[in-house]
Amino acid sequence: MRIHIPNMHDIRLITIVPSENFVNIKCREIFFLGDLLELVEAKFEFGIGLYFVVVLITSVVVLEFCPLICEMFEVICIVCGLIGLILRWQVATFPYSGEGLPPKFGDYEAQRHWMEVTLNLPLREWYLHTSRNDLNYWGLDYPPLTAYHSYLIGRIFAAFLPESVALKTSRGFESSMHKFMMRGSVMISDLLLPALLVFHFVIKPKKRTTTWWPVLLGVTAPPFILIDYGHFQYNCVSLGLTAWAIMALLTEKITLGAILFTLAVNHKQMSLYHAATFFCYMFSTVIIKRADFFTGFRVGTTILSTLGLMWLPFGDRCVNVINRIFPIKRGVFEDKVGTFWYVLDRFLPVKGVVPDATLARTCAIVSVSMLIPSAIQFVVSVSSKKTSTESLQRAFLVNLFTNSIIFFLFSYHVHEKSILLAVLPAVLLLEWYPLEMVWFVTVASFSLFPLLYQEGSHLALLLVTTIFLLAAQQAGVFKQIKSKIHGLVFLCSIGGYLALIGGLLYVPPPPKLPHIYQAGIAAYSFVHYTAFLIYFHVK
Amino acid sequence: MTSINYWGVVAATSVFKLLLINSYRSTDFEVHRNWLAITHSLPLEKWYHEETSEWTLDYPPFFAYFEWILSFGAAAFDKNMLDVSNLNYNSSMTILFQKLSVIVCDLVLAAGVLNVVKALVGKTKSADIHETKLRLLVLIFLNGGLFIIDHIHFQYNGFLYGILLLSISKILEEKIIEGALLFSMLLNLKHIYLYIAPAFGCYLFRKYCIIIDRRIPQINIKNLLSLGFTVVAVFAASFGPFYRHIPQIISRLFPFKRGLCHAYWAPNIWALYNTVDLGANFVLKKGRSSITSGLVGESLMAVLPQVQPFHTFVLTLIFMLPSMIKILWQPSRSNFVNGIILTAWTSFIFGYHVHEKAILNVVIPFALVSFAEPKLFFITLISGTFSIFPLLFTPFEVIFKLLFCSLHFVLSYSILPAIKFRWFEKLYLLGFVPLFLIENVGPYILPKYPFLPLIVVSDYCFISIFVCYVIFYWNCLTKDEIHWTITSKSAKEVKRKKKY
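Sequence order for the protein chains is A and B.
Everything in the first sequence is counted per numbering that gives the first Met the number 0, starting at 0 for the first residue and increasing by one.
Everything in the second sequence is counted per numbering that gives the first Met the number 0, starting at 0 for the first residue and increasing by one.
Isolated chain A, as found in the complex (with noise of 0.2 angstroms):
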């Protein structure tokens, strides 16, 4: 079914009159780099490029990948499979983020209205603030490639549900079978899940016993979860990047790693907090440990030419994009989180009194001076040669993990979610450090709670971590547990985080202080990234 573009009307006329001012008109258009390609837009579809590139891409990625798919075939990863899409698809019933609030809804009107915006208008406005695209309104604010695949999924909802993606009048559309579809787009799009099934099988410690718990604690960890399923993003599309890039990477398979990390990031800009690792593990094995400059340029012009292929098309229109991708104004941490900032503003308040500017400035040379001292030691022990696979693959995933906490906690403009960046690597180190990886992610899913609590949804965060727990039960994870000690340490924080959980839902809160409860899950996560982000730093 084919698409009306409104604006492609005009355009059209002008290409197919020949008239005097034709010429004129024609080198102004190719002058801008994006404006051509909205004439050529105007002839052939813009879809089918788009459907082009998807497929090519997909195309690439499963036949260097076709021995690893095969795995998935395993009666393991069928079994885990489903019963992770059977997790998700329950999480799925429960409310998403702004249900039913008009006027301003939430993340799923966010990316319903995203879908609206790239269907109906010309490329070059989907980041512009114009009479038809108000940028207050739900606004781009990812990459590219997320407004592509917004673009794709928007088509498919032209096909079966056009009022739900019409300009304007489609505002806070709502109905059951809108969900429906939209949580099955989440689940057509969701790289991550067969990600998590096979990558225990391509990258494990030597001395394995048995394979079936990772994968089953992998699909069944809580944050994906909740947050993709449950409030409603597509983070299992640049997180399932990321995943497929590391598997790449970790199988020497370079060049096809940097194209995925750059396609997630491209995807979701929050990526980037996992970039220092990859760069750092790309530079050291290609140029320090091999010195092959060739492999080293070819990577580097891959990942210019994909960057080049995502970004061409806005022309010169990529400044607005990257204002919106980046926002200066939203300041430095949204709600209540439970970063640095947010802690060291309980104290002493630094948002709204430094200006955003200077405090986006600290941030990054806090960040970047954090990660340092890891990334020394990352280098240093991917250039040498004497260093084990095993444990290459062993320190690049844990210097993903330490990276990510320290951009979780310090960095600018941190949202809750983010705290998914960290899951990943966690859920991938599972076999190396279960019990302190189920710990994490067990911490991590409690400190969604106030965020899914405002949904309605808390019930299926409870739900969804206790059978996490009773996986990692299953799994003998907690048999791990030697002192009573440690154990009775790993009480107090679960039982902490049930306090306050418990708290939250049955005691009210004093009139002074309405948001202790949410301002105390978040303190009582900072604290455990902070200890779990020393505790990997010593090991």
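Possibly wrong hints are sitting among the right ones.
[To be verified] Subject to a maximum C-alpha distance of 30 angstroms in a straight line, what follows is the list of computed DSS-like cross-link-like pairs (lysine-lysine):
#, chain 1, residue 1, chain 2, residue 2
1, A, Lys288, A, Lys252
2, B, Lys256, B, Lys189
3, A, Lys178, B, Lys447
4, B, Lys45, B, Lys78
5, A, Lys416, A, Lys335
6, B, Lys78, A, Lys478
None of these hints come from the bench; they were simulated from the model.
Dock chain B against chain A, hints included.
Frame of chain A, contents of chain B only:
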């Protein structure tokens, strides 16, 4: 594998069930809410006369008592659900309470599985028992059809099958009186179990009340009396308080005005009969038939002769007889279990107004002998479960039924002994994939004939259910003693089985 804990799996499954709290509920949810209200707020005499709601109480008295007990818990959650005139009331607390009650009652099923394994395996190595427990847990407790009926559609079947398994386990352990007590209680909870009563009756009578003394059968009067007394006592406890209303109860329990087939046709012989009638009518244009109205009620055939309840009874009885005689001839444990399966299956195929859910009466006891007949079991499981699918049709639940049942199929396949399918069997099983599409997409493509996809499903499922029935019947009658224990397994397959 050994680290997997039985009750841990049960607990995790219960959490999965609770996560379905926001999904669709059929009218059965309102039925049970209404029964809670009736039993809580009305005096005993009025329970079977009350008809404010169209969903009148039509289960035997023990189930009414059960609802009455539950209603005290309900009062603690939300008192408004206990008002008889509060039709279609569904506050979040009501939903939570009702769904939780099903989940908690399901623990009886988990206990039943545990007891049956003890009765079946007896004294063997503990590792063997543990494995067998997990296997049966997968085959019975995680049954996809049971899961979607109880926890999405809403019924209390898991609890009832738990009592059935407990009663079977007691009888297998030769604790006859306890077993008889449990089974008579079960009959008074839901009368659908009358289908399998012949097998129980024959086995108990032959095993407990008859002694073969020098090739001459003699009746053990003492045992017969104690058995009879147990059964009568249970029925008296159940119907006693209602002694003045028994005709009214009977008319509620056995409504013969409801037609040969249920709203959606269970895949039995009458579905085929109806199809033939429809086809003949289509060709001959004889008159309007009312069988596809999709409503519960008496319907008229257009071409073929009408089938009366009496006809179906006679047919059912005739086809049950061989299995009953086999039990009387050789009262062995395996013949008893086979008899239960066969009587349930016969009444499913020939019975009057059979619900599609009744196939679980076959599939659940069949799990006990699944290791003797893995192929028959697997095919019956798939087609039986598939025939339940039309119960759920809302978009979210279509995905649920697909996911839950595929998970159960994969798990069952991986724990059953290796099955080699012949080409036509493979073809038949693959046919379920397009059938699923027809069933769920068909109504959108052919809105004029909403019943057509359902007919196709019924008839397609009927083929394998009938063929498996015939083969299984033949095997039961010809083989002296089917090797039916669950423990015969190759070590390799054991390793593949995991949690869940």
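Exercise. Compare the structure with the hints numbered earlier in the document and write down the numbers of the violated ones, lowest to highest.
Key: 6
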